[in-house]
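Read off the chains here:
There are 2 protein chains.
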Amino acid sequence: MKRQNVRTLSLIVCTFTYLLVGAAVFDALESEYEMREKEQLEAEEKRLQGKYNISDEDYRQLETIIMEAEPHRAGVQWKFAGSFYFAITVITTIGYGHAAPGTDAGKAFCMFYAVLGIPLTLVMFQSLGERMNTFVKYLLKRIKKCCGMSVTDVSMENMVTVGFFSCIGTLCVGAAAFSHYEDWSFFQSYYYCFITLTTIGFGDFVALQKNRALQRKPLYVAFSFMYILVGLTVIGAFLNLVVLRFLTMNSEDERRDAEERASLAGRRNSMIIHIQYEASLPVKWEIGGIGGGRMGGLGCGFTKQNSFSSQLNPNQYFQSVSYRIEEISPSTLKNSFFPSPVSSVSPGLHSFMDHRRLMKRRKSV
Amino acid sequence: MKRQNVRTLSLIVCTFTYLLVGAAVFDALESEYEMREKEQLEAEEKRLQGKYNISDEDYRQLETIIMEAEPHRAGVQWKFAGSFYFAITVITTIGYGHAAPGTDAGKAFCMFYAVLGIPLTLVMFQSLGERMNTFVKYLLKRIKKCCGMSVTDVSMENMVTVGFFSCIGTLCVGAAAFSHYEDWSFFQSYYYCFITLTTIGFGDFVALQKNRALQRKPLYVAFSFMYILVGLTVIGAFLNLVVLRFLTMNSEDERRDAEERASLAGRRNSMIIHIQYEASLPVKWEIGGIGGGRMGGLGCGFTKQNSFSSQLNPNQYFQSVSYRIEEISPSTLKNSFFPSPVSSVSPGLHSFMDHRRLMKRRKSV
Numbered sequence: 001m002k003r004q005n006v007r008t009l010s011l012i013v014c015t016f017t018y019l020l021v022g023a024a025v026f027d028a029l030e031s032e033y034e035m036r037e038k039e040q041l042e043a044e045e046k047r048l049q050g051k052y053n054i055s056d057e058d059y060r061q062l063e064t065i066i067m068e069a070e071p072h073r074a075g076v077q078w079k080f081a082g083s084f085y086f087a088i089t090v091i092t093t094i095g096y097g098h099a100a101p102g103t104d105a106g107k108a109f110c111m112f113y114a115v116l117g118i119p120l121t122l123v124m125f126q127s128l129g130e131r132m133n134t135f136v137k138y139l140l141k142r143i144k145k146c147c148g149m150s151v152t153d154v155s156m157e158n159m160v161t162v163g164f165f166s167c168i169g170t171l172c173v174g175a176a177a178f179s180h181y182e183d184w185s186f187f188q189s190y191y192y193c194f195i196t197l198t199t200i201g202f203g204d205f206v207a208l209q210k211n212r213a214l215q216r217k218p219l220y221v222a223f224s225f226m227y228i229l230v231g232l233t234v235i236g237a238f239l240n241l242v243v244l245r246f247l248t249m250n251s252e253d254e255r256r257d258a259e260e261r262a263s264l265a266g267r268r269n270s271m272i273i274h275i276q277y278e279a280s281l282p283v284k285w286e287i288g289g290i291g292g293g294r295m296g297g298l299g300c301g302f303t304k305q306n307s308f309s310s311q312l313n314p315n316q317y318f319q320s321v322s323y324r325i326e327e328i329s330p331s332t333l334k335n336s337f338f339p340s341p342v343s344s345v346s347p348g349l350h351s352f353m354d355h356r357r358l359m360k361r362r363k364s365v
Numbered sequence: 001m002k003r004q005n006v007r008t009l010s011l012i013v014c015t016f017t018y019l020l021v022g023a024a025v026f027d028a029l030e031s032e033y034e035m036r037e038k039e040q041l042e043a044e045e046k047r048l049q050g051k052y053n054i055s056d057e058d059y060r061q062l063e064t065i066i067m068e069a070e071p072h073r074a075g076v077q078w079k080f081a082g083s084f085y086f087a088i089t090v091i092t093t094i095g096y097g098h099a100a101p102g103t104d105a106g107k108a109f110c111m112f113y114a115v116l117g118i119p120l121t122l123v124m125f126q127s128l129g130e131r132m133n134t135f136v137k138y139l140l141k142r143i144k145k146c147c148g149m150s151v152t153d154v155s156m157e158n159m160v161t162v163g164f165f166s167c168i169g170t171l172c173v174g175a176a177a178f179s180h181y182e183d184w185s186f187f188q189s190y191y192y193c194f195i196t197l198t199t200i201g202f203g204d205f206v207a208l209q210k211n212r213a214l215q216r217k218p219l220y221v222a223f224s225f226m227y228i229l230v231g232l233t234v235i236g237a238f239l240n241l242v243v244l245r246f247l248t249m250n251s252e253d254e255r256r257d258a259e260e261r262a263s264l265a266g267r268r269n270s271m272i273i274h275i276q277y278e279a280s281l282p283v284k285w286e287i288g289g290i291g292g293g294r295m296g297g298l299g300c301g302f303t304k305q306n307s308f309s310s311q312l313n314p315n316q317y318f319q320s321v322s323y324r325i326e327e328i329s330p331s332t333l334k335n336s337f338f339p340s341p342v343s344s345v346s347p348g349l350h351s352f353m354d355h356r357r358l359m360k361r362r363k364s365v
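Residue numbers (the working numbering), protein chains in the order written: chain A, 1 to 365; chain B, 1 to 365.
Keep in mind the hints are simulated off the structure, nothing from the lab. Worth double-checking, as some hints may not be accurate.
Identical chains blur together in the list; that is why a pair holds if it fits in one copy or across any two.
[Claimed, not checked] Derived BS3-like pairs: lysine-lysine, alpha-carbon spacing no greater than 30 Å straight-line:
1. 210 with 46
2. 2 with 145
3. 38 with 210
4. 79 with 38
5. 79 with 217
6. 304 with 2
7. 217 with 38
8. 210 with 79
9. 304 with 284
10. 2 with 137
11. 51 with 38
12. 217 with 51
So that you can see chain A by itself, here it is in the shape it has in the complex:
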């Protein structure tokens, strides 16, 4: 089976297995607590409902209005600051849900907003993350030089280590800040930062929802927004370093297969000569083959790029192939009617390579 298909099937199996294992562990960790909490809450609800003799119908109504009033209790969600916060949760796909569009127009706009905003944000974070990685690589190189190390090259291991500790550091800084401002424990805060920066965004912990912070604490609001954006960049940089290469594996294999198929299909026993050179002016190039005393042109042209290729015709047998490159100076370009001063081609046997014997050997394989 093709490598890409094997890889894809393996990944599917791995992911499905991972889900099964996760489900089993979460079941084991949370089921009992859920049952206990459910019993406690039901008992407390019965007590209060009984204390005030609230009818079932009114109690269900109370449930509905208390649920719907939750975002309002947390603050004004849709003034500019709250809307900006919401917009961040949309395009970063965090999606806490602490506030969600109530109107149909809001829902519809939200969808269009996401369609453009999510790819834009993805590309922005990867771009900024790559810049961050490049800068870190430069810093590490300077540090290695200053420390007088013999090898100043920055390895992948160095980068991954720095990236990993940057992520941990970012989470710790956020955990410290939010535990102070939101009155959460350090662990709850760390969990909030993690769930936010991985863009999972459960919404069980949401910053800026206490004490009308969105309206009353502009500096804390600005800090929260910056933290989310910078934190996502740090995570994005780490993903850019470690994961991005794996996202293109299948495409690269597919491209390689296509090239192989193309060369097998019509160009058996062919050879491609690819010449790469360093020149500051455009050049005129020529590749010629010599076989049996004759000089055959294989390709020629004019190129501004730093390389040119030519494919050998499988029906022609050459004993050697040579190339010629001539820089075109500006004066030559202007006077293009006059032939360029180049060496004349001189034919001659050159039995450096026995292409025909090579052909015979292949047929016997």
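Keeping the supplied structure of chain A fixed, place chain B upon it in accordance with the hints.
Okay, now just chain B, sitting in the frame of chain A:
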């Protein structure tokens, strides 16, 4: 300024502007509704609190327990089916929050689970999405052939069109299904599918939370899980097609710059000859340069790969360069002590290329 930096800064400015515009629009669409709803809810709460003469303290207690009881009202969340659903929302980063770990152990495991699961899932969806794109490309080609079209190549526009309509189709199928099972309007269902498949996952609409579906409707549960995973693949395939290439722009520019710097730094006026050939056996290769009557070896070796390269030494002037390839048959490999039967090298002037004149011309530029 470097291209990568300009690109990154532009993206940052674009994203920030996009957030400002989004915030303004959401404010305009939702603020008034929010105020109206808040007033209505407050009035209704006052009415009920007054009707039963519930003390403020008891009312706040009621608020707390009703909020905490919400997931329990929606069903049993942490048995195997519910845990599997939760695990999906973690590794896909949808993160509805309809259920969230109550225990500290659950929160801690959730974080470790996400650290491994999210990259695994990203790579899996991209891999599967690429396979899907390849298959669609193959189908389109066959369809074009069957329809007797002159051009059977599948263009990027074809692929993007098919991808786009696949996404819309997937959303519509889900919208129809969930509006039936969850008793939502088609629009609310479509909005739910969109928010889910973009992994935003607000949690304002969550499937499998009515009528104890997680325990009582295994087929519907299976459908929901499959819908999320297949839907994410379709979206992932579309992103793979359209967005993935932009995620590597900076890295590719950086690599190109590094190559340019390297060639400027120490290899001025150098040339690299790269030969690509088609052979089924490993080969022994040799590149030689001829200049001033002498044959100079430029490189030789043994390779199983389909190409080899050699860099010309800038201090040596050659008038021509030739290469030799010899397939190594299994019998030759076994008898590696005996020299391989190849053509002998015969020296000879070959003034096909005047390299020295080329060098002179460069110096004058």
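How the hints compare with the structure:
Taking the closest pair of Cα atoms, residue 210 and residue 46 come within 30 Å of each other both inside a single copy (29 Å) and across two copies (22 Å). Taking identical chains as interchangeable, the C-alpha atoms of residue 2 and residue 145 lie at most 30 Å apart only when they sit on different chains, with a minimum of 24 Å there against 46 Å within one chain. With identical chains, the CA atoms of residue 38 and residue 210 are at most 30 Å apart both within one copy (26 Å) and between copies (17 Å). For the homomeric pair residue 79 and residue 38, the shortest alpha-carbon distance between copies (14 Å) is at most 30 Å, but the shortest distance inside one copy (36 Å) is not.
For the homomeric pair residue 79 and residue 217, the shortest alpha-carbon distance inside one copy (14 Å) is at most 30 Å, but the shortest distance between copies (41 Å) is not. In this assembly of identical chains, the alpha carbons of residue 304 and residue 2 lie at most 30 Å apart only when taken from different copies (21 Å versus 39 Å within one copy). Taking identical chains as interchangeable, the C-alpha atoms of residue 217 and residue 38 lie at most 30 Å apart only when they sit on different chains, with a minimum of 22 Å there against 36 Å within one chain. For a Cα distance limit of 30 Å, the shortest separation of residue 210 from residue 79 inside one copy, 16 Å, qualifies, whereas the shortest one across copies, 33 Å, does not.
Proximity of residue 304 to residue 284 under the C-alpha cut-off of 30 Å is restricted to the intra-copy arrangement: shortest distance 9 Å within a copy versus 33 Å between copies. Taking identical chains as interchangeable, the C-alpha atoms of residue 2 and residue 137 lie at most 30 Å apart only when they sit on different chains, with a minimum of 17 Å there against 37 Å within one chain. Taking CA atoms no more than 30 Å apart as the test, residue 51 paired with residue 38 passes in both settings, with 20 Å inside one copy and 28 Å between copies. Proximity of residue 217 and residue 51 under a CA criterion of 30 Å is satisfied in neither setting, with 40 Å inside one chain copy and 37 Å between copies.
Comparing the model with each numbered hint stated earlier shows that hint 12 is the single one that does not hold.
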